[in-house]
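Sequence lines, in order, name chains F and U.
Every letter in the first sequence is one number past the one before it in my numbering, and letter 66, counting from 1, is 66.
Every letter in the second sequence is one number past the one before it in my numbering, and letter 3, counting from 1, is 1003.
I should point out that these hints are in silico values taken from the structure, not numbers from a laboratory.
Every residue gets a Cβ at the ideal spot worked out from N, C-alpha and C, and that includes glycine.
Just to be clear, a hint being listed does not mean it is correct.
Ranges of calculated distance between the beta carbons of each label pair, as one might list FRET restraints [what the hints assert, rightly or not]:
id, chain 1, residue 1, chain 2, residue 2, range
1, F, Ala308, U, Ala1194, 57 to 65 Å
2, U, Asp1302, F, Arg34, 33 to 41 Å
3, F, Pro26, U, Ala1018, 56 to 64 Å
4, U, His1023, F, Gly145, 51 to 59 Å
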Amino acid sequence: MRFLLDAEQRAFAGSLDAMLTAADTPSVVRDWSRGEHGSGRALWSRVAEAGVFALAVPAAHAGLGPLPVELAVGFVELGRHAVPGPLAETVAAAALLAELADPGPAERLLPALLSGEASATLALDGSYALDGDAATVRLALTAGGLRLAPGHGPVRACLDPARRLTPLTAGGELLSTAPPVEHALTWARLATAAQALGVGLTLLDRTVAHVRRRTQFGVPVGSFQAVKHRLADARTALEFARPLLFGAALTMAPADVAAAKVTACEAAYATARAALQLHGAIGYTAEYDLSLWLARARALRTAWGGPAECRAAVLSGRAARP
Amino acid sequence: MDLTHSPADEAFRAEVRAWLGAHVPSVPLPSLETEEGFAAHRAWEAELAADRWSVVSWPAAYGGRDADIVRWLVFEEEYYAAGAPGRVTQNGINLLAPSLFEHGTPRQRARVLPSMATGEVVWAQAWSEPEAGSDLASLTSRAVRAEGGWLLSGQKTWSSRAAFADRAFGLFRSDPDTPKPHQGLTYLMFGLRAPGVTVRPIGRLDGKPAFAEIFLDEVFVPDEDVIGEPGQGWRIAMSTAGDERGLRLRSPGRFLAAADRLFALWRSRDSPAWAADRVADALIGARAYQLFAYAHASRLLDGGSIGPEASLNKVFWSEYDIALHETALDLLGQEGETADTDWSEGYVFSLAGPIYAGTNEIQRDIVAERLLGLPKGRR
Ligand SMILES: Cc1cc2nc3c(=O)[nH]c(=O)nc-3n(C[C@H](O)[C@H](O)[C@H](O)COP(=O)(O)OP(=O)(O)OC[C@H]3O[C@@H](n4cnc5c(N)ncnc54)[C@H](O)[C@@H]3O)c2cc1C
């Protein structure tokens, strides 16, 4: 039992952090929100170069994985920097393709996903696909199986402008009649939970910095106890989401991953509410970068299974134990 | 990063489980906050100690098993999963013993620890005073120098289990003329039945005498009952307060067992949908706390320390404990109103969690100032 990240895992986080800090992700997010994908694609290929999309894919398919702990480490950083795009979706798509009984689709599609040349979006029957306009591989999980969607419908504007939802066009090539849906869902949820934790951590950091700087009544607002306690609660919630995330990455049991997803997303969302409140009016503006993380926290909460769905998964996981 | 226990730790788990399986009373003991229950729990401590299970993390020389922090967590998981009784000796074991291991003399350890391990001497914590709660350093009880020792006078209060306990440890002002309130305090041990001591039990919310006030009138304490250096009491006491808030006071095992019992209760009531999210949160919270503890344990084994992060812990488990018990009482409906069930006892106990061991407001200040780096405000 040694439940701590090792030096290599910490170094991986550190190098991603450095790369993303240098990349000025806020301006990339704003481009992406306008449907200008150039800067996002450039960033995407650097994320791929760092190996992030290969972590869910076994070596048999030229991946590095499965390495769910490293994936969680990486996605915390992607969330901390608000990197836009179908990140969790590409990971889930890659994990799914690698598990299909017929290796054909994986051989055809995975190399470009792993190298970052291509990105994927993945939608469950009837739901929207994230960034269907930007993704090059559009996978639809329908009752009849897994299909390669031929195109996408209109792009819908979202509360998080950087998340662009589209329906997928019906039909297309049938890749599998019995795809391992739960496997894909588990990876998508793990990645989303990690991203949410990262989003929450940045919201907290930025808010702490703000309340130390901003003075009212002659003192920093961060010296008021009501302000402090709200942030202490945010820190507590995030710190207890972290071990659930890494615990889930170690077991990859669907109930554990669901627990991590709901906890990380609730913690990030509560932190977002505190961040908005404690920034005052400036926090309510689209101009100020805080908005990028605020919007993301809200969206991740519903992505890949909202709170009720994840809690139900936890209960059925417990019921299955003796 | 891994969560699997070594074969040796698993063997330890099996040994704990087997022993508990053979010894845990089949009928729960009466509440330890009553005279009868206190006696029954003391007897249970003797039974634990007879096979060296009462203080597993202590050195063997004092009746322990030299268990490291991971083994202690394993022990606690098994202990609560088996439905074993609450620990009447916990204040001594969690607060006084660590102080003695760190600051006591070998003679003090030899004199105090063995009888603590068997429950023969049960210890009470005498820190709080009527006018010194959160601002503990403002305490005014005195220790005045006397031939070969000290004379203690003043009043302590809210002392858990002091109504039936044997001895107490607490802070006294030995130098009234220091510039700062936390200077000039001395940490001492005294007998609750010594001449000059009056103990008055106080009923908690449900009327049970769970704590007491202690009046001291020139109570003589020999020098050998001073812990550490006279005047250094604050530093010594605070080094163990972290232990109290950190892992030791409330082990994850306790909440894992409680969450499992809540889940069983929910299912036995046909799994009502209105409580589903709350039951799920109880399961998730127990797991989160367990994994948080494992992360802490790993850091400690690597030579790190807990520090102000203990305050995160304290806020988390105390709020969690109340939510869990509220859910149980809501599920029980009218039955939840009745006293003397495990759930109602647990509920009343949980309500005090955010108050004792440093209130949650104080803990949130510590998190904000020491972990987040926010400026100190007016206190
Ligand atoms: C069940 C139980 C068992 C206990 N057992 C023991 C024991 O064995 N030994 C012992 O010595 N003591 C014990 N205590 C006492 C406990 O340590 C104190 O109750 C605690 O330190 C708080 O002090 P107080 O009750 O005087 O509240 P106060 O300090 O008067 O506080 C009242 C309220 O004001 C808030 N407050 C105070 N100062 C601040 C501040 N600066 N910022 C924000 N809010 C503030 C507090 O958080 C609290 O909500 C026990 C208490 C309980 C309930």
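Regarding Asp1302(U) and Arg34(F), is the given constraint of 33 to 41 Å on their beta-carbon distance met? 47 Å, violated
Mind checking the hinted window 57 to 65 Å against the Cβ distance between Ala308(F) and Ala1194(U)? 59 Å, holds
Could you check the hint for me, namely that Pro26(F) and Ala1018(U) are 56 to 64 Å apart, CB to CB? Holds: the Cβ-Cβ distance is about 59 Å, inside 56 to 64 Å.
Take the C-beta atom of His1023(U) and the C-beta atom of Gly145(F), compute their distance, and say whether it sits inside 51 to 59 Å. Between His1023(U) and Gly145(F), where Cβ atoms are some 57 Å apart, the hint holds.
Taken one by one, the earlier hints fail for this structure only at number 2.
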